[in-house]
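Sequences listed follow chains A and B, in order.
The first sequence begins at 1 in the numbering used here and counts up one residue at a time.
The second sequence begins at 283 in the numbering used here and counts up one residue at a time.
Just so you know, the hints here were simulated from the structure itself, not pulled from any lab data.
Honestly, I wouldn't trust all of these hints.
[To be verified] Computed footprint of chain B on chain A; a stretch qualifies when at least three of its residues, placed anywhere within it, have a C-beta under 8 Å from a C-beta of chain B:
id, stretch
1, 126-134
2, 234-246
3, 255-266
Glycine residues also receive a C-beta, built at the ideal position from the N, C-alpha and C atoms.
So the chains spell out like this:
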Amino acid sequence: MRDGRRASLALAEALGRSRAYKRGLMKLVRTFGGILALSALIAIAVLYGRPVAGFDIQDSPTLVSRPGADISDVYLFPSPTNSNDVVAVMNVHPGLPAGTAATAFFDSQVLYTMKFDTRYSAEAIGSRPSENLVIQFSMGVVSGGTQQIFVYGPTAPNQTGTTTTLVSGGLTTGTGLINQTFPAGNLTVFAGVREDPFFFDLTQFYNIIPDRNKGSTTASCLPGVGSGSCPTGFNATGTDFFANSNVLSIIVEMPKTVLTQAVGATGSVIGYWATTSTQSGT
Amino acid sequence: MMMRILTLGLATALSLAAFASCSNDPTLTGSTQTGSTLVFHQVDRVGEAGLIELFSAYARHDASNRADVLPDATAMATDINGFATGSFGGRSAQISAFLQNLLTPDVLLIDTSQSGDASYLGVETNGLIVDSCNGPRNGTGKFGGRGLNEDVVDSSLGLVFGSTVPTIAAGSNVPNSSGAIADDGAEKDGRAGRPNLTTDNVGCGGKHFNFAQFPYVGNPL
Numbered sequence: 001m002r003d004g005r006r007a008s009l010a011l012a013e014a015l016g017r018s019r020a021y022k023r024g025l026m027k028l029v030r031t032f033g034g035i036l037a038l039s040a041l042i043a044i045a046v047l048y049g050r051p052v053a054g055f056d057i058q059d060s061p062t063l064v065s066r067p068g069a070d071i072s073d074v075y076l077f078p079s080p081t082n083s084n085d086v087v088a089v090m091n092v093h094p095g096l097p098a099g100t101a102a103t104a105f106f107d108s109q110v111l112y113t114m115k116f117d118t119r120y121s122a123e124a125i126g127s128r129p130s131e132n133l134v135i136q137f138s139m140g141v142v143s144g145g146t147q148q149i150f151v152y153g154p155t156a157p158n159q160t161g162t163t164t165t166l167v168s169g170g171l172t173t174g175t176g177l178i179n180q181t182f183p184a185g186n187l188t189v190f191a192g193v194r195e196d197p198f199f200f201d202l203t204q205f206y207n208i209i210p211d212r213n214k215g216s217t218t219a220s221c222l223p224g225v226g227s228g229s230c231p232t233g234f235n236a237t238g239t240d241f242f243a244n245s246n247v248l249s250i251i252v253e254m255p256k257t258v259l260t261q262a263v264g265a266t267g268s269v270i271g272y273w274a275t276t277s278t279q280s281g282t
Numbered sequence: 283m284m285m286r287i288l289t290l291g292l293a294t295a296l297s298l299a300a301f302a303s304c305s306n307d308p309t310l311t312g313s314t315q316t317g318s319t320l321v322f323h324q325v326d327r328v329g330e331a332g333l334i335e336l337f338s339a340y341a342r343h344d345a346s347n348r349a350d351v352l353p354d355a356t357a358m359a360t361d362i363n364g365f366a367t368g369s370f371g372g373r374s375a376q377i378s379a380f381l382q383n384l385l386t387p388d389v390l391l392i393d394t395s396q397s398g399d400a401s402y403l404g405v406e407t408n409g410l411i412v413d414s415c416n417g418p419r420n421g422t423g424k425f426g427g428r429g430l431n432e433d434v435v436d437s438s439l440g441l442v443f444g445s446t447v448p449t450i451a452a453g454s455n456v457p458n459s460s461g462a463i464a465d466d467g468a469e470k471d472g473r474a475g476r477p478n479l480t481t482d483n484v485g486c487g488g489k490h491f492n493f494a495q496f497p498y499v500g501n502p503l
């Protein structure tokens with residue numbers, strides 16, 4: 001019994017002892033699955049029918065077609081509830097409309113990685129950073145309205161750079177379900193839908209600098225530089241483009257010692273960034 | 283009855299054991315390979331807030347997203363310099379050089395020897411960037427990282443279009459940069475008839491952070 005899914009199936013077999021029960025269950029799954037699929041399509045249509053893209057939404061053609069790999073923001077801060085801990089956040093799938101908390105899921109073909117360089121202050125300028133500690137997440141296929149979350153590490157990566165493989169021989173530190181808090185070794189993990197914490201008047205930003213927007217080649221526009229119809233800057237009262245939007249968050253609280261006592265750790269300055277990867281690169 | 287109980291108990295135990303310690307994700311393992319042999323290729327990366335999006339034209343985004351952070355000191359720095367000193371930014375070469383050294387590589391830095399709140403770019407600037415949304419922060423501002431309620435947009439706009447760099451340069455801890463940097467008079471801060479690009483006038487007041495309980499990020503809407 002190598003994986004949790006097979007174990008789950010074994011458990012279902014033990015519990016489902018009548019064909020009638022199984023037929024009823026399958027009908028329920030199909031019906032619920034259909035609703036989920038329809039809801040997801042509506043959500044995608046609403047999101048990607050919007051006239052402007054987010055600050056880091058639809059950041060490339062690849063990410064337009066695979067929003068679950070689209071990282072919007074990362075955060076790293078001291079735990080508000082435990083002075084011995086730090087909290088790392090990685091947000092993806094920005095722009096999820098309000099009301100989609102039960103129907104939004106991670107992309108099961110994406111490997112989500114938090115990368116840390118715990119030797120940063122000891123490395124030479126120009127040859128840093130290079131990750132020496134990673135926490136990886138993969139997501140199961142959506143089933144029964146939920147999704148399994150698989151956590152690997154924290155541990156040294158098998159390789160550094162833009163290609164990666166699952167650490168720890170593909171064995172998990174812990175597993176849980178989407179939208180629920182669960183432990184993974186000495187980590188506390190949440191992966192699921194949250195309010196987008198980012199705030200920005202993106203619409204006016206694109207009015208000022210159009211060529212940052214998806215598919216736009218219009219030159220940047222500023223009085224004295226662009227045409228006579230350029231905006232005069234940000235508005236006196238800004239509008240948060242990300243109000244009423246959700247994201248899919250991966251949130252990890254861990255003891256600072258996970259970082260400071262990692263193999264090879266030197267000094268107190270640590271670098272953090274996050275990546276998404278797929279087998280196909282698309 | 284006893285057999286059923288034993289069967290159910292065994293299945294449950296196997297399930298819990300598999301979930302707890304040694305489960306591979308079946309969506310990644312395929313039918314013939316183990317998960318650890320599969321190779322994944324990067325399609326996106328993020329460290330600091332909106333670095334690629336502000337300084338690089340859309341046509342450059344995909345290449346930056348797929349690139350490692352290590353070459354940022356050349357590729358990303360070129361984009362920063364082009365924008366900062368170009369017709370749009372109009373800043374001096376000194377200010378541009380400071381921005382390149384401050385903002386590359388594109389990673390968040392924390393200093394675990396420091397206490398207090400997170401402070402965006404606080405390690406590199408010795409806590410000299412004062413966030414307009416956080417208000418007075420706890421500690422020295424040298425912890426770094428990025429807090430949920432930090433107004434990183436205004437901090438970034440102030441660096442590029444405002445007087446932040448001449449104000450903080452002398453006291454900062456930015457690599458390859460030392461000493462004071464003169465004000466180039468090219469701010470776009472809304473004063474004296476100049477356009478306002480130093481604040482988008484959006485605060486964090488509309489967000490629903492919950493700093494009393496993990497996971498801290500607001501409940502979904």
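Hint by hint, here is what the structure shows:
Counting residues of the stretch 126-134 of chain A whose CB lies closer than 8 Å to any CB of chain B gives 5, so the stated coverage by that chain holds, three being the minimum. A stretch counts as covered by a chain when three or more of its residues have a beta carbon under 8 Å from one of that chain; for the stretch 234-246 of chain A and chain B the count is 11, and the coverage holds. Look at the stretch 255-266 of chain A against chain B: 3 of its residues bring a Cβ nearer than 8 Å to a Cβ of that chain, three or more, so the hint holds.
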